[in-house]
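Asker: So the chains spell out like this:
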Amino acid sequence: MNQPVETDAAQQAAKKARDGRNLALALGLVAFVVLVFVVTLVRLGGNVAKPHI
Amino acid sequence: MTSDSAETTPLRDSSETARWQDYFQLMKPRVMSLVVFTGLTGLLAARAPIHPVLAAIAVLCIAVGAGASGALNMWYDADIDQKMRRTRGRPVPAGKIKGEEAASLGVVLSLLSVMFLGFAVNWLAAGLLAFTIVFYAVVYTMWLKRWTAQNIVIGGLAGALPPAIGWAAATGSAPLNAWLMVAIIFFWTPPHFWALSLYVTTDYAKAGVPMLPVVKGARETRKQILLYSLILFPICLSPVLTGLGGPIYLAVSGLGGLVFLLLAWRVFASKAGDAADPRVADRALYDVTEDEKAAGAKAARNLFAFSILYLFALFAALLGEAVTGVRPLELLK
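Protein sequence lines, in the order shown, are assigned to chains A and B. One point on numbering: in our numbering, the residue at position 11 of the first sequence is 11, and numbering is uninterrupted. One point on numbering: in our numbering, the residue at position 318 of the second sequence is 318, and numbering is uninterrupted.
Among the clues, some could well be false.
[Unchecked claim] Cross-link-like lysine to aspartate or glutamate pairs, in silico, EDC-like; alpha carbons within 20 Å at most:
(1) B/145 x B/81
(2) B/98 x A/19
(3) B/98 x B/79
(4) A/16 x B/16
(5) A/15 x B/16
(6) B/28 x B/101
(7) A/15 x B/101
(8) B/28 x B/100
[What the hints assert, rightly or not] Some chain A residues near chain B, calculated using beta-carbon distances under 8 Å:
(9) 17
(10) 26
(11) 35
Calculated from the structure, these hints are not laboratory results. The beta carbon of each residue, even a glycine, is placed where N, CA and C say it ideally should be.
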């Protein structure tokens, strides 16, 4: 009788861990996109603001 | 899935229950924090104008690169880590994360950090970061560590390079002063690690890692600690000759260096490592028995603890002087 209860707990733990990993990965990807965007602005900023005539 | 099938399902794959924190542990956060600190010091000590966003990106890339090499190290060294008390709880030997996953994470983050640093900041910094990762993961971890008692001497270069990466990120060059900071960490590493290895000798021996006390004995290790400490002292003072360190740095490096030498001498004069206790590594730093005190374990622990404080103080002095605009001394001019 104890075995299924234990399995449920293990499944819940696995789901919680997976959700945590997914969230961390999502946040990491969003942060990376934001970083690329900000770096692009910084690197291009000067050149775009003062175009050569 | 029914409960019946669940009962007959083989044991859940350990990596399915791994938490994100376990992956973070793969990146050796404590080492990473030291690398960030020294890299940031190199970046600011260069006293060159750099956009704050790019400076932050450079430090982030250095941190991620260090974490990536930590993950590669944990993948390759899982067999050794399994045998040592200090490292047994790491995610791979503890079965929380598969070795292949650690390796994949290490490779992906290595490429990402190097490429991003190159595109966002400059390619000299990126090249130095790539060299550091390869040197740590391949030259040190896969080769030196299991092969020679000089493993941490040569391998220490990887841990020493972050200030040069920071400097290169700020200026696009790596002049003498950047390499002086590298030299400080490089010559600090052997006495630091050998002081530790003097009281965890049995652990290294059990894992088959040819640390100096295991191969050459405690007496030779104590002598080498003193020799490297004697070399370290003038190297730590040299930044005040070359326009890197100011008066605060001079005071910190001079006084701290003398204390370092005193503690190294005490280790040399002690019997630290002669009677290694296999239980020692399980205990807190200063949980030392009377017998071990007599054997010099406390002397080795004192040096180990002070070495961390000393390196932190040296770089904090350089960082503080750079941030507050204290003029560096140039005693050679």
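Asker: Does each hint fit the structure? Answer for all of them.
Answerer: We went through each hint and held it up to the structure:
no.	hint	verdict
1	B/145 x B/81	holds, 12 Å
2	B/98 x A/19	holds, 19 Å
3	B/98 x B/79	holds, 13 Å
4	A/16 x B/16	holds, 10 Å
5	A/15 x B/16	holds, 8 Å
6	B/28 x B/101	holds, 15 Å
7	A/15 x B/101	holds, 19 Å
8	B/28 x B/100	holds, 17 Å
9	17	holds, 5 Å
10	26	violated, 11 Å
11	35	holds, 7 Å
Checked against the numbered hints given earlier, this structure breaks only hint 10.
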